[in-house]
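Each chain, letter by letter, is given below.
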Amino acid sequence: MFDALKGFGVTFSNMFKKVATEEYPEIGAPAAPRYHGRHQLNRHPDGLEKCVGCELCAWACPADAIFVEGGDNTEEERYSPGERYGKDYQINYLRCIGCGLCVEACPTRSLTMINFYELADDNRQDLIYTKEDLLAPLLPGMEQPPHPMRLGDNEQDYYVNGPELARDRGVPSGETVETSEEKAMQ
Amino acid sequence: MTMAPEEPKVEVPEGYVKLTIDGEEVIAPKGELLIRTAERLGTVIPRFCDHPLLDPAGACRQCLVEVEMNGRPMPKPQASCTMTVADGMVVKTQRTSPVADKAQQGVMELLLINHPLDCPICDKGGECPLQNQAMAHGRADSRFRDTKRTFPKPLPISTQVLLDRERCVLCQRCTRFSDQIAGDPFIDLLERGAHQQIGTAETAEIYDAASHTASGKPFQSYFSGNTIQICPVGALTSAQYRFRSRPFDLVSSPSVCEHCSSGCAERTDFRRGKVMRKLAGEDPEVNEEWICDKGRFAFRYATAAQRLRTPLVRNAETGELEEASWTQALAAAADGLAKARDGKGVGVLPGGRLTLEDAYAYSKFARLALRTNDIDYRARAHSAEELDFLASRVVGTTPETGVTFTALEHAPLVLCVAFEPEEEAPAVFLRLRKGARKRRTKVVHIGQWTTPAVSKTFGELLACVPGGEASAVEGIAQHAPDLDEALRAEGAVVLVGERAAEVPGLFSALHRLSERTGARLAWIPRRAGERGAIEVGALPTLLPGGRSVEDAAARSEVEQVWGLEAGALPGTPGRDVTGMLNALVTRDLDGLLVGGVDPADLPDPALARKALAAASFVVSLEMLPSEVTEHADVVLPIAPVDEKAGSFLNWEGRRREFSITLEGTGALPDCRVLDTLGVEMDADLFTQTPAAAAGDLARLAPKPTGSAAAPDVPNGHVPKAGDGQAVLATWRQLIDEGTLQIDEPHLAGTARPVVARMSKASAAGLGRRVTVSTERGSVTLPLEVADLPDGVVWLPANSPGSKVRATLGAGHGAVVTIAAGGDQ
Numbered sequence: 001m002f003d004a005l006k007g008f009g010v011t012f013s014n015m016f017k018k019v020a021t022e023e024y025p026e027i028g029a030p031a032a033p034r035y036h037g038r039h040q041l042n043r044h045p046d047g048l049e050k051c052v053g054c055e056l057c058a059w060a061c062p063a064d065a066i067f068v069e070g071g072d073n074t075e076e077e078r079y080s081p082g083e084r085y086g087k088d089y090q091i092n093y094l095r096c097i098g099c100g101l102c103v104e105a106c107p108t109r110s111l112t113m114i115n116f117y118e119l120a121d122d123n124r125q126d127l128i129y130t131k132e133d134l135l136a137p138l139l140p141g142m143e144q145p146p147h148p149m150r151l152g153d154n155e156q157d158y159y160v161n162g163p164e165l166a167r168d169r170g171v172p173s174g175e176t177v178e179t180s181e182e183k184a185m186q
Numbered sequence: 001m002t003m004a005p006e007e008p009k010v011e012v013p014e015g016y017v018k019l020t021i022d023g024e025e026v027i028a029p030k031g032e033l034l035i036r037t038a039e040r041l042g043t044v045i046p047r048f049c050d051h052p053l054l055d056p057a058g059a060c061r062q063c064l065v066e067v068e069m070n071g072r073p074m075p076k077p078q079a080s081c082t083m084t085v086a087d088g089m090v091v092k093t094q095r096t097s098p099v100a101d102k103a104q105q106g107v108m109e110l111l112l113i114n115h116p117l118d119c120p121i122c123d124k125g126g127e128c129p130l131q132n133q134a135m136a137h138g139r140a141d142s143r144f145r146d147t148k149r150t151f152p153k154p155l156p157i158s159t160q161v162l163l164d165r166e167r168c169v170l171c172q173r174c175t176r177f178s179d180q181i182a183g184d185p186f187i188d189l190l191e192r193g194a195h196q197q198i199g200t201a202e203t204a205e206i207y208d209a210a211s212h213t214a215s216g217k218p219f220q221s222y223f224s225g226n227t228i229q230i231c232p233v234g235a236l237t238s239a240q241y242r243f244r245s246r247p248f249d250l251v252s253s254p255s256v257c258e259h260c261s262s263g264c265a266e267r268t269d270f271r272r273g274k275v276m277r278k279l280a281g282e283d284p285e286v287n288e289e290w291i292c293d294k295g296r297f298a299f300r301y302a303t304a305a306q307r308l309r310t311p312l313v314r315n316a317e318t319g320e321l322e323e324a325s326w327t328q329a330l331a332a333a334a335d336g337l338a339k340a341r342d343g344k345g346v347g348v349l350p351g352g353r354l355t356l357e358d359a360y361a362y363s364k365f366a367r368l369a370l371r372t373n374d375i376d377y378r379a380r381a382h383s384a385e386e387l388d389f390l391a392s393r394v395v396g397t398t399p400e401t402g403v404t405f406t407a408l409e410h411a412p413l414v415l416c417v418a419f420e421p422e423e424e425a426p427a428v429f430l431r432l433r434k435g436a437r438k439r440r441t442k443v444v445h446i447g448q449w450t451t452p453a454v455s456k457t458f459g460e461l462l463a464c465v466p467g468g469e470a471s472a473v474e475g476i477a478q479h480a481p482d483l484d485e486a487l488r489a490e491g492a493v494v495l496v497g498e499r500a501a502e503v504p505g506l507f508s509a510l511h512r513l514s515e516r517t518g519a520r521l522a523w524i525p526r527r528a529g530e531r532g533a534i535e536v537g538a539l540p541t542l543l544p545g546g547r548s549v550e551d552a553a554a555r556s557e558v559e560q561v562w563g564l565e566a567g568a569l570p571g572t573p574g575r576d577v578t579g580m581l582n583a584l585v586t587r588d589l590d591g592l593l594v595g596g597v598d599p600a601d602l603p604d605p606a607l608a609r610k611a612l613a614a615a616s617f618v619v620s621l622e623m624l625p626s627e628v629t630e631h632a633d634v635v636l637p638i639a640p641v642d643e644k645a646g647s648f649l650n651w652e653g654r655r656r657e658f659s660i661t662l663e664g665t666g667a668l669p670d671c672r673v674l675d676t677l678g679v680e681m682d683a684d685l686f687t688q689t690p691a692a693a694a695g696d697l698a699r700l701a702p703k704p705t706g707s708a709a710a711p712d713v714p715n716g717h718v719p720k721a722g723d724g725q726a727v728l729a730t731w732r733q734l735i736d737e738g739t740l741q742i743d744e745p746h747l748a749g750t751a752r753p754v755v756a757r758m759s760k761a762s763a764a765g766l767g768r769r770v771t772v773s774t775e776r777g778s779v780t781l782p783l784e785v786a787d788l789p790d791g792v793v794w795l796p797a798n799s800p801g802s803k804v805r806a807t808l809g810a811g812h813g814a815v816v817t818i819a820a821g822g823d824q
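If you read the protein sequences in the order shown, they are chains A and B. 1 is the number of the first residue of the first sequence in the UniProt record's numbering; add one for each residue after it. 1 is the number of the first residue of the second sequence in the UniProt record's numbering; add one for each residue after it.
Simulated from the structure, these hints should not be mistaken for laboratory data. Given the structure is predicted, the values throughout are model-derived calculations rather than measurements. The C-beta atom is built at its ideal place from N, Cα and C for all residues, glycine as well. Treat each hint with caution, since some may be false.
Selected chain B positions facing chain A (in silico; Cβ < 8 Å) [what the hints assert, rightly or not]:
hint, residue
1, P120
2, I121
3, R242
4, F243
5, R244
6, S245
7, R246
8, F248
Label-pair distances were calculated between CB atoms; the ranges are [said to hold, decoys possible]:
hint, chain 1, residue 1, chain 2, residue 2, range
9, A, N161, B, E657, 33 to 39 Å
10, B, R272, A, A120, 22 to 28 Å
11, B, P782, A, G170, 56 to 62 Å
12, A, Q144, B, V99, 55 to 61 Å
13, A, R150, B, T665, 42 to 48 Å
14, A, L94, B, E657, 35 to 41 Å
Please work from the sequences and hints to get the whole structure.
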């Protein structure tokens with residue numbers, strides 16, 4: 001008799017406690033700011049791609065989830081500063097284990113991870129993200145490649161003056177082009 | 001008590017020396033380089049400039065070791081790639097000597113001072129000797145804090161080869177290769193000191209003008225791809241492979257080149273079912289470590305958009321080719337062929353690019369399913385004399401009994417007749433040049449002008465009028481007694497090319513010359529499948545293994561092996577290519593089964609077209625749409641070499657086997673298609689796979705050669721040109737409009753200029769361009785003066801703007817009309 005009341009007591013007291021349930025997916029649940037979610041291929045402040053198609057990410061990947069093929073930039077058709085760009089870029093999220101070794105391997109800080117984590121689908125094909133899916137959105141002041149180098153004469157200028165170029169384009173101090181893009185995604 | 005075993009006293013043989021490397025005693029042949037002796041012991045000394053097939057240079061200084069002679073150490077570390085072994089030498093490599101190790105680290109640090117940190121975008125990254133050795137023998141960090149020397153990059157030194165001077169470590173492998181091996185010294189060291197760099201004639205000007213464009217005379221060589229392969233850094237890269245993949249993406253498969261008859265070893269690298277590049281394989285007996293640019297770069301034909309991938313059958317109502325299933329197409333082909341066979345008969349033109357196994361399937365299919373000897377693989381100029389020559393002097397020769405690459409290198413004299421080694425068989429050219437450079441082989445060419453091959457083999461030209469080669473050979477005894485004497489020397493070789501078929505009496509004259517002098521005679525065709533096709537009997541007079549169709553005993557032997565009734569094989573020789581085409585036009589032949597044959601290659605393209613149109617039924621086994629498929633009633637797609645296994649016989653008669661590179665593409669080899677077609681026609685070929693075909697062929701052991709009668713045809717009269725006429729000399733350039741070179745713009749850009757050549761006297765008054773014409777058509781080309789005999793004009797046979805057979809309908813030795821071509 002007393003035990004039953006004790007049981008209802010637990011239920012009753014919980015009614016006044018903070019609700020731990022998250023209304024997902026109706027309301028959504030943002031991940032922690034540094035969460036390793038899906039990848040993003042970043043851009044230079046003028047919109048040119050940072051990826052040079054070097055395949056170091058594919059090399060570093062322990063799950064063989066990344067496919068890259070490089071391409072040759074020409075004066076008429078330029079996607080990144082310098083000679084080489086990533087012509088084909090695919091990440092297979094059926095394979096990706098989110099370890100982030102690819103991000104560490106990237107020599108141009110083109111590949112980073114944003115905290116988007118909704119990587120589920122009802123077919124395999126859609127989980128192979130292509131370059132169009134992975135490229136960062138165009139921020140104000142950016143221009144869709146192919147276009148000539150707007151911020152320097154060669155790729156050296158882009159890399160050496162990277163932070164200043166970002167400031168000039170309105171990226172606040174203490175933030176990089178990448179972090180501001182992450183915010184733009186949310 | 002155990003006794004220490006007595007140190008065995010090692011006898012040093014004559015011509016050898018004893019030295020100590022890292023405390024280990026070693027016996028080495030005199031003259032061996034220290035770096036190789038150490039390598040035999042298992043100690044790899046880092047190096048960049050050293051290459052076993054190039055002369056020592058000591059350019060990069062990476063291989064420094066400590067050397068002690070007669071108890072006295074040398075004051076400084078020595079380069080082990082230039083120092084030869086000596087008796088009593090004591091050598092300490094980086095393994096035991098801190099001095100050598102520090103010296104190597106220092107050199108590496110210096111090399112890296114100006115080397116850019118662009119490994120992520122460099123094609124060599126991942127397979128780079130500099131990367132590897134910097135990891136193994138370099139310092140962990142650099143002390144250099146200043147600005148690196150930079151150059152505009154890349155600098156195209158030809159349409160194919162790109163030079164990145166920042167990455168260069170000045171090892172001079174490329175310049176030494178071009179100078180020593182290929183003989184095309186268009187690339188060299190320029191400037192001095194910190195400005196020293198690799199460049200070509202026009203980059204020297206650029207350097208002064210500080211502009212970034214290249215113009216003028218490019219780096220022109222048929223072997224330029226080798227410089228890319230031996231470059232120990234990423235300074236030389238190819239436009240074709242640029243940024244395409246990384247070594248860890250690639251699956252490598254050993255392969256054999258499908259272009260010329262040398263059968264060079266190659267390595268095919270592919271990624272996700274697509275061939276990315278081909279590299280030279282190593283085979284000291286054949287191509288050493290070099291291949292020509294055609295073998296290296298011409299492979300995209302297999303991925304061409306127009307490639308045939310499904311069978312096509314001609315719709316009887318609309319007259320159009322329509323896609324069909326294999327079952328439908330094979331049934332239609334079998335039906336039509338059986339009807340034609342039971343009518344006037346079917347001829348077979350397999351073409352000269354088949355593997356041994358595929359050619360065997362054609363040969364067996366012709367005899368079993370079509371019951372005919374009307375089969376001839378020679379998709380080029382041909383003659384009955386050539387047939388006799390092939391049956392008596394070529395079939396059945398092997399590297400053990402015949403001439404080999406090594407024999408060419410060691411020969412005291414090589415006589416090339418109607419054969420242009422650099423254009424027709426580049427690996428042969430490299431061996432001739434090596435022999436001439438290293439062993440003083442005398443190379444004599446009977447041709448028309450001093451071609452690059454003549455000068456680069458330090459050769460002598462015996463110029464003759466095209467068509468006059470036979471008389472020139474006959475005249476050797478009388479007019480060139482020293483050459484006659486040299487031909488009697490042990491090991492002398494005579495090489496003859498495919499062009500000989502256009503000169504009546506030449507094969508007979510060469511046979512007599514070889515009988516008279518004892519010089520060995522080798523026939524070097526231009527296509528990879530020609531030698532194998534002879535061996536398997538894809539000729540109207542031969543059965544597999546060099547058996548004559550007229551020999552009843554040989555026939556019954558083949559009948560037994562093939563499980564036929566006695567007398568099932570036809571005993572009369574068939575028609576040759578021209579015979580078959582004529583018979584089709586006159587309706588003495590109904591059907592035609594064609595492999596990879598381009599009518600424009602045949603001696604009379606107009607006749608070929610007429611015959612194709614006249615034939616009542618044509619089956620084409622093709623990879624790419626051609627003039628034959630336009631006329632075909634059934635087109636059956638077949639696999640390119642990368643997608644099948646098989647073997648080629650090279651000109652030496654050496655079997656060059658290769659396994660399948662790209663598996664699971666669904667493309668079928670000719671032997672499989674013919675086997676299934678045979679089943680439809682109630683003939684069992686047992687050639688379902690290349691392995692099965694090879695096994696079946698092996699049951700027909702080759703007959704010893706020499707049973708057939710040698711050709712004996714009198715010399716044709718030497719063509720004479722009248723006023724306003726000239727005798728045409730023509731052969732194909734290595735890089736031209738060949739079907740297997742489609743989709744290769746970078747390679748096409750490295751072709752030799754397309755020009756006509758005439759002697760100074762004959763060219764007088766013609767201006768800068770010349771028009772060469774026959775009643776069929778005309779070719780107009782820029783005119784260049786060369787040392788041809790008067791009244792002779794030379795044209796490239798199949799280059800852009802100069803398709804001699806297709807346009808003029810003429811060949812080597814024909815008389816053509818000459819006129820001024822006007823200035824453009």
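Tested hints:
Among the interface hints, the one on P120/B holds; its C-beta lies about 3 Å from the nearest C-beta in chain A, closer than the 8 Å criterion. Taking 8 Å as the C-beta contact cut-off toward chain A, the hint placing I121/B at the interface holds, the least distance being around 4 Å. For R242/B, the shortest C-beta to C-beta distance to chain A is roughly 6 Å, which falls under 8 Å, so the interface hint holds. With a least beta-carbon distance of about 3 Å to chain A, the hint placing F243/B at the interface is held under the 8 Å criterion.
The interface hint given for R244/B is met, as the beta carbon of that residue sits about 7 Å from the closest beta carbon of chain A, less than 8 Å. Proximity of S245/B to chain A holds as hinted, the smallest CB-CB distance being about 7 Å (cut-off 8 Å). Checking R246/B against chain A: minimum C-beta separation of about 5 Å stays under 8 Å; hint holds. Contact between F248/B and chain A, as hinted, is supported at the beta carbon level, the nearest pair being about 6 Å apart and thus within 8 Å.
Range check, N161/A to E657/B: about 58 Å between beta-carbon atoms, so the 33 to 39 Å window is missed. About 27 Å separates the C-beta atoms of R272/B and A120/A, a value consistent with the hinted range of 22 to 28 Å. Between P782/B and G170/A the beta carbons are some 60 Å apart, a value that agrees with the proposed interval 56 to 62 Å. In this structure, Q144/A and V99/B meet the distance hint of 55 to 61 Å, their C-beta atoms being roughly 59 Å apart.
A hinted range of 42 to 48 Å for the beta carbons of R150/A and T665/B is consistent with their spacing of about 45 Å. A C-beta distance of roughly 40 Å is found between L94/A and E657/B, which places it inside the suggested range of 35 to 41 Å.
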